[in-house]
Amino acid sequence: MPPPKDIPENMVKVMEAFMTIVWLMPLIAVAEIVGGILFITNKYRALGAIIIFPVMVGIVLTHIILAPSGLPIALVLFAINIWVIIENREKYLPMVR
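If you read the sequence shown in the working numbering, its first letter stands for residue 9, the second for the next number, and so on.
Hints are computed from structural coordinates only; laboratory data are not their basis. Ideal placement from N, C-alpha and C gives every residue a C-beta, glycine not left out. None of the hints are false.
List of simulated lysine to any residue pairs, SDA-like, C-alpha gap at most 25 Å: (1) Lys13 with Leu74; (2) Lys13 with Pro34; (3) Lys21 with Pro10; (4) Lys51 with Glu98; (5) Lys99 with Ile58; (6) Lys51 with Ala87; (7) Lys51 with Val63; (8) Lys99 with Ala87; (9) Lys51 with Leu85; (10) Lys99 with Asn50; (11) Lys13 with Gly78; (12) Lys51 with Met64; (13) Lys99 with Val38.
The calculated label-pair distances, taken between Cβ atoms and stated as ranges, are: (14) Thr49 with Val22: 28 to 38 Å; (15) Leu101 with Pro80: 28 to 38 Å; (16) Gly66 with Met103: 15 to 25 Å; (17) Ile48 with Arg105: 20 to 30 Å; (18) Pro11 with Lys99: 37 to 47 Å; (19) Pro76 with Lys13: 14 to 24 Å; (20) Lys99 with Lys13: 42 to 52 Å.
Please model the complete structure; the sequences and the hints are all you need to start from.
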């Protein structure tokens, strides 16, 4: 799939740098797929939210720094992720005690 024509030049450079690390994009893809599948299941939603959290942080930071046009949807999705994490906080407490 070809990239859209309106991507900022600095964003293209960042993506090219990511592509030079051969294992990075497949790792992100697996985290997104596994986290997304777990996120939509009721039983494992808390685990899915934690798996997808670092990816969402990267997405939000990318849109803040490089491509502000996509920031509104990134913030909405990040807020949903935070909401699910807060809603399931009792499941995370045994890990920190």
